[in-house]
Every structure is written in C-alpha cells, then in structure tokens.
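**Student:** We have chain H; now place chain D onto it with these hints.
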Amino acid sequence: METTCIMCPMGCALTIEEQDGVVKVRGNTCPRGEKYGVNEYVDPKRMVTTLLKVKGGGVLSVKTSEPFRKAQVSAVLQAAAKVLLDRSYKAGEVVVKDVAGSGVDLIATADLIFGEKA
Amino acid sequence: MKHFDVVIIGGGPAGMAAALGAREEGASVAILERDVRLGGILNQCIHNGFGLHYFGEELTGPEYAARFREKVLADRGVTVYLEAMVLSLTEERNVTAVSPTQGFIELSAGSIVLAMGCRERSAGAIGLMGTRPAGIYTAGMAQRLSNVGGFLVGKEAVILGSGDIGLIMARRMTSEGAKVKLVMEIMPFSSGLKRNIVQCLQDYDIPLRYSTTVTRVTGKERLTGVYIAPVDEKLQPILEKEEYVPCDTLLLSVGLIPENDLLTGMDVEMSPVTAGAVVDEYRQTSVSGIFSAGNVLHVHDLVDNVSEEAFIAGKSAAQYAAGKLSQGECVSVAAGEGVRYVLPQRVHKGEGKVRLYFRVNKVYRGKSVVVRSGDELLKRKKTMVLAPGEMQQIEIEKSLIKGDISVALEE
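Chains H and D are the protein sequences, given in the same order.
All residue numbers for the first sequence refer to this note's numbering, where the first residue is 1 and numbers rise by one.
All residue numbers for the second sequence refer to this note's numbering, where the first residue is 1 and numbers rise by one.
Please keep in mind that the hints were generated in silico from the structure rather than gathered at the bench.
From the three backbone atoms N, C-alpha and C, an ideal C-beta is built for every residue, glycine too.
It is possible that some hints are incorrect.
[Unchecked claim] Here are the simulated distance ranges between beta carbons:
no., chain 1, residue 1, chain 2, residue 2, range
1, D, Ser271, H, Asn39, 41 to 47 angstroms
2, D, Gly149, H, Arg26, 27 to 33 angstroms
3, H, Lys97, D, Glu70, 24 to 30 angstroms
4, D, Glu70, H, Asn39, 34 to 40 angstroms
5, H, Arg32, D, Glu240, 42 to 48 angstroms
6, D, Gly127, H, Val22, 50 to 56 angstroms
7, D, Leu239, H, Phe114, 34 to 40 angstroms
8, H, Arg32, D, Pro188, 44 to 50 angstroms
If we strip away everything but chain H, and leave its shape as in the complex, we get:
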C-alpha cells in the first residue's frame, strides 16, 4: 500500500508492505512516520463530520464521538443521509447512537432550535 504521511509538512511518500506477518514501512524519515504507516495499514481510523437534515428545512452539523474504522465511513455517511430530525438538540448531545453499527455515535456540534429558520 502507498500513502502520504500526515504527521508533519514533510509529507513523506510511504510504501507499506507485509512480509512474513511483519508490517514494514519504507519512505519515512522519522519514527512517527513508521507508526503512522503501520496504523494506516493495520487499522486505519477516521473521524467523520457531516450534516443531518431537519424536517421542514435546514441542517444540523454532527461529528462521530471518536475515530472509527475507515472501512465503515461510507456506511456511516449513508446512514446519516437517511436521518430526518424533528426536535431541538443542544451541541454535545448524542443524536444517533451506534450509527450503522460502527460503535460510534453521531454528536451534535451546534445547537438546533427546531422550527427556527437558519
């Protein structure tokens, strides 16, 4: 697998391969790059921020409660697209629990006053 290290502005081009059960990173110039490369190969994780639709118009911004498996990002986004909110929320409140079975929740990042035009 090839990727770019994001630990600093250097942006080293990493090549990551598995040989005899050991994950090897090439192209990094520091130990942080090696750790990043191994994580990206073995178990890459991402935070997701997106919008949920509000009944009658408008949107509410949300984020996942923590980073989760990258392979599930598209399932989470698809589940979020189907949500239609019909009440008020406070920033920090859980809006969708265990979204798409990912193990993480969607949390409001802003206040939503239902019925008030944005």
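**Tutor:** Below, chain D without anything else, positioned relative to chain H:
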C-alpha cells in the same frame, strides 16, 4: 453617539478573541457583526481539526466558535450588534453602521480593532474564460450553501485550486453523494495541509493534478464542462494539451483577499504582499488607535493563530484607549531570502518577547531560519521542511534588538 473604549468590526474568530483581550483590561467593548450570529466563517466549517494549539483538543468549527461566543455573550461589558453592516470608519474613530433591528448606528471609540476577515478570489479575479453559466462557485460560498443552508450545489464537480477549503469541499460534496471528478492546482505543490490531501482526496479516490488549470468553461444556463490544460514554468497553459471534462459545477479555491474596503480614504499604510495593514507587535496600524487582526490583516491557515493574534490586538487596543500603551522607538522587520513576508512589520525596542510570524515563498528542505537585528544574529533555527501553506513562527527577545530586523532562510 454612543461611546465605547474599544469598537471591534467583525464578530468572527478574530473579533471575538479581540473582545476577550480588551475585556481582560477592563475596557467597554462593542462588536459590530453583519451576520445573524457571532462566529464568522467558523459556523460553516463543520469539519474538525480546529483548536489543537489553542485548546489542546480537536474541535469542529461551530464548537470552536461556541467556546468564544459563550464567553463573549456572558460578559456584560461587551455589547454585540448583530446584522450590523458597518458603512464607514474615520481616523477620529467614529463608526457608522446599519441594522434591520436597530436602524442607523453611530459609535465613537477610544480605539478600533479591524476584524473583518477576508473574501474569496472569484471567477472574475482569475480572469476565467468562457461563458457565465450557473454552477460556478467559490469554494467557501458552496460551503456556506451546503453547511448552513443545506443545499448541495451540484452533482458532478471539478475543483480549481488545492487550498484547504477546496480540499474540504471535495470531501463534503462526495459525502453528500456528488461526484468530484478532479482537483487541479496551477502550482507544482498544494497550499493545503497534507492531512487534507490524504483524508479529503486520497481517502475518496479523488485525483489531484498539479501544474494544471482551467482554460475555459462551457454551458449556457448551467455549466456543462471545463477545458483544462497543463501549464509551463511561467504558469501559461499549454493549449495543445487541452482536454475537456464534462461537469455541472466548478468550485474555485484560488486564494483569499483581506477585506479592507472600509479603510478606503484613510491613511492606513498597507502591505502589498499581505493586502492587509502594516502593523507593530501590538497589531496597531500606522494610524494610531486603529488595530487589525485575523484574516483582514493577513490570511492565516490556523484559526488558533487568529485567536492568539486578535487577543493581543484587543488587549493592546484597550491599553491604548486607557492611555497605557507604551510606544517607544520602533525598528522595521523585513523579509529576507526565501521569505515572502513577516508580521509584525515593526517592533518596539524594550523588554519581553515578541513572536514573529512568517511565510516562505516556496517549499524548502533542510534550511535554517535566521533572524538578524542590525549586524547581530538573534536566532538560528534548523528546519526539516518549510511550505508556503504553513505559517511559521519564531520568538525573539526585545532586549536584544539592535537595529532593523530581518528574517531569512540560509543553508
């Protein structure tokens, strides 16, 4: 006419931090904000990554804004005028504004903090050739329509410019079900963060082509496509290699311009490089009592730096209004080899530390940042990599200042 010690124009991240800085000095403060809420552009930046430096944790834009907004609104020493569009500002520090709820507003101030932010370069600003159909947006406009309004601006998009807003919008549109076919960058490098290139483009298999630009657009009512071509070393398109990309949306992420129109007619010295005012370490402009901070002063890449800078401006503005801002002899700060600009452009001699912010003019590896004052070496710092998209900072002791200061890159 109502009087305040400090009047702040703009209620985004800079304006809010300036207010808190001024309040630390006990000043009476007014903020004039043209939107319906405080927070500025942060309100539409729903992605995370804000606050790592300032708060030591990763927040989304609305969350970062709320941290400041709650403090500002809870402080009875700050009067906030919302939906207030400032019409004029004078060197005598009188401000006029209009708002649908309060009508005509006239304020006088002991000092002013300019915190109006910046505007995006538009299709006209880059001389985009071709027709003028619907479907051409600046990236920030598309972001606002999407994240505040809830509208998806198109289904098949091409993005010109690889600045962070363009990269973030590539991911946002993809998340909302649109197809982003291509991101182009006229330069051979991106001004966006590496993290955004990986997590907004590579994660979604969106190609990024360097040294490529849009040569013209087609479509009558709605955009139908763009012609693109690689550019030579002089950034001129190589037309023989032009190709056509059908799409219904073109997003432009081609730079930001500080919004200093209010200063027209005033004698504020401006920097041709930053398009903002020339300031000292208090962020005071050449017109005494008028301060500037945030993106209206110079375009930042991290809001954390905006907050820090604006807090200084607000605090200093309050000290000025109270007649307590010490102003002795100044030296100038200049950009040397490899450095595009340094801010502040003037520093007072005296005690304490001052942090110099600067940007390099292209990507450098293995250079040292060297600060000199007169003939004396003040600081030398070895670096791995320096990129124009990442603002750098270096701190110096004021007591060591001997003469004019320069910041340069050396081997």
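**Student:** Of the numbered hints stated previously, which ones are contradicted by the structure, given in increasing order?
**Tutor:** 2, 7, 8
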